[in-house]
Amino acid sequence: MRVLIVEDSKRLREHLERGLRRMGYGVDAVGDGRQGLIHAQTTEYDLIVLDLMLPELDGLSLLRAVREKGVQTHVLILSARDRVEQRVEGLRAGADDYLVKPFSFDELIARIEALLRRSHGRKTNTLEFGRLVIDLGSRVALVDGENIGLARRDFTLLEYLGLEAGRAVSRAEIEEHLYDDANTVWSNAVDSAIASLRKGLARHGITDLIVTRRGVGYMLEPNAQSVVLGEGDEL
Amino acid sequence: MNSLRSRLLISLVLGTLTILLLGGGGLYWYVQESLIGQQDRLLESRARSIALLVSYEHGQVEFEQTEDFTRDAKDTLFSVEDATGRVLSQSPSLGGQALARPSFLESAKRGDSENFDVKLPDNEAGRALSMVFVPRADAEEKRETQSLDQQHYIVTVASSVEPIERALSVLVSALIGIGLAVLGTIVGVLWVGIRYALVPVDQLGAALRHTDASMPEPLGIPTRCPSELIPVYKELDRLIERIRSAMEWERLFADATAHELRTPIAELRTVTEVAERWPEEEDPRKAVGEARQIAAEMDRMIESLLTLTRSRGLKLSSGTQATRLAPIVESLVKSTEDRQRGLEVEVKSDQTAAWRAPEWVAELIARNLIINAFAHTEAGGHVEIRVRDEGDGQAALTVSNGPVGLDPEDLAHLAKPFWRKDNARTDRNHVGLGLSVVERMAEAFGLAFRPTLDTDHQTLHIRIAPKAEHGHNISEANIE
Chain A
1 MRVLIVEDSK RLREHLERGL RRMGYGVDAV GDGRQGLIHA QTTEYDLIVL DLMLPELDGL
61 SLLRAVREKG VQTHVLILSA RDRVEQRVEG LRAGADDYLV KPFSFDELIA RIEALLRRSH
121 GRKTNTLEFG RLVIDLGSRV ALVDGENIGL ARRDFTLLEY LGLEAGRAVS RAEIEEHLYD
181 DANTVWSNAV DSAIASLRKG LARHGITDLI VTRRGVGYML EPNAQSVVLG EGDEL
Chain B
1 MNSLRSRLLI SLVLGTLTIL LLGGGGLYWY VQESLIGQQD RLLESRARSI ALLVSYEHGQ
61 VEFEQTEDFT RDAKDTLFSV EDATGRVLSQ SPSLGGQALA RPSFLESAKR GDSENFDVKL
121 PDNEAGRALS MVFVPRADAE EKRETQSLDQ QHYIVTVASS VEPIERALSV LVSALIGIGL
181 AVLGTIVGVL WVGIRYALVP VDQLGAALRH TDASMPEPLG IPTRCPSELI PVYKELDRLI
241 ERIRSAMEWE RLFADATAHE LRTPIAELRT VTEVAERWPE EEDPRKAVGE ARQIAAEMDR
301 MIESLLTLTR SRGLKLSSGT QATRLAPIVE SLVKSTEDRQ RGLEVEVKSD QTAAWRAPEW
361 VAELIARNLI INAFAHTEAG GHVEIRVRDE GDGQAALTVS NGPVGLDPED LAHLAKPFWR
421 KDNARTDRNH VGLGLSVVER MAEAFGLAFR PTLDTDHQTL HIRIAPKAEH GHNISEANIE
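Here the protein sequences come in this chain order: A and B.
Take the first sequence: its position 65, counting from 1, is numbered 65 in my numbering, and each next residue is one higher.
Take the second sequence: its position 99, counting from 1, is numbered 99 in my numbering, and each next residue is one higher.
I should point out that these hints are in silico values taken from the structure, not numbers from a laboratory.
Just so it is clear, CB atoms sit at the ideal spot from N, CA and C, and this is done for glycine as well.
A portion of the hints provided could be inaccurate.
With a Cα cut of at most 25 Å, we get these calculated SDA-like pairs of lysine to any residue [to be verified]:
1) B:LYS421 x A:GLN86
2) A:LYS10 x B:ARG41
3) A:LYS10 x B:LEU208
4) A:LYS10 x B:ALA256
Computed from the model, here is a short list of chain A residues facing chain B with C-beta under 7 Å [said to hold, decoys possible]:
5) ARG21
6) GLY24
7) ARG34
8) ALA80
9) LEU99
10) ASN188
11) ALA189
Sample of chain B residues with no beta-carbon within 10 Å of chain A, all distances over it, derived [what the hints assert, rightly or not]:
12) LEU22
13) ALA108
14) LEU268
15) VAL271
16) GLU282
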């Protein structure tokens, strides 16, 4: 999942960026509205965390501009403006959620998760594929109820494929949703990430969950035998 | 009893009562004097009649009572005496008692008379007249008796004043009755009139009572408002406007303060919560250091806010000493070298120029202006600080700096709390309170805050100088 933070307070921006990275998100962070608009229009983000009082271009103008361009990315406004009319104005301008400063980091994460669930048409925080359960809140993958201890990057990849289960996603899409501007993406980065994830799943008997679609990309197969039947089961 | 209505009613009733008492008293006095004067004239006429009845007959003085006299004077008390007090004749009603003898008779001569109050034999109050006369004598008698002209006689007539007292008593009763009726009517009319006249005052009170204290609305002048209340309404509306603008300022200030404090609190929470959530990956010492730095920034902001708030209570007093600006400015420029960022800084100062303000106020104003100029001048720019004697030793401090990247419309916002031009927003060391503090302090000590921008919009001049008595700057020109 890739998130854009547009926040003029340098310290807040840096800590949000660090926190969200540790949560496994790809994060780009900018300090003014003009930079934010350029990023929002040129990169496909899963979520934009947007401050309102910004230099160069204020947050509401940025929001209206991206909506006018047809960008449908979920936007969470993070602002010190707390009055009802200000919140209403932000939501009416096209924001999906509004969080008033100061806020709890946990609440911010919960709201980000809720928005990401909504963007994939889900109501719960778990994805279940037979024996495999992906807990989006705790950010762990469980097989037969046991945490399989995936690395942060592997979990993020599994999460993205799980949210897009049944649809083949291209390498470019995976790159865009997993990696941010801070990471140099090598040409085989996605393939090696897939290989690492497959390895982690195979240790728990899940061997055919992620399939390769030649010329397209990768797909999480929700009805894969190894997750539907379980280890040692036969057809 | 302390209402306007009661006061008006009491004063008007007392005034009416005084007029009625004076009128009644005057009328009583006039009637009394008229009746007594009338009685005195009657007594005089009777005395003359009696005197005519006294005559010499063969050298003897005789008193001749006619039937007419007896009939007309039956209610009249009289006494005719000679100069020694020997009674020649007196009315039977006196019962042999003498009437009082007035003192003027000691030196009286023929024709003299005097009216006086007297006690009648039956102890009734009465009015009397004594008159000195010479009895009538024919020519023969006068020839025979040479000394007739020297022998004076005194006639005293008296009558009761009871009829006058009765008439006056009736008059008093009538006056009291009429007075009470008039007073009652006037009280009633005044009561109704005052109530009607004071209805607009009640309406004004009701309008003020129903005014929303949280954001009062101007009252407006009602239709049919009495002319005396129109200036009151206008003044109240002006006052309400001032209250509204003060409340609006307070609201915006509180809103801006809350807003400015929310961001550092958000930073503080995020720094600590991220460090707490990933203790193995985050350096706790770094998080604590950042938290301390945020706290210091918040402390600075609160200090500025407090200075701004306290400046409201400050006022220029006659005992305030003059403070020379040049040493303060020169010392400030030296102590802020680390903030000058390689800018070209020039100081020009008249050494004697001073402000009538405490030293700490002059220092606070100069410090904020100078630091603001250093902070908001673009790299490679210049800052000029000039202290100029405007006459009588009055100082004008002008700080000019550029380039600043301001637009002419920004000048109106410069002194607003928390206002910053966009490119200053990301710098939390400058929260936009410095120039607000300068303007407030200047205002409190009779100094005018006047920002101007060069036509090329590159150099900002902020000039602080004493206000002239009529509210304008002393010599507003001369900004170079």
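Review point. Hint by hint, which ones does the structure fall short of?
Key: When the structure is compared with the hints, numbers 2, 3, 5, 6, 7, 9, 10, 11, 14, 15 and 16 turn out to be violated.
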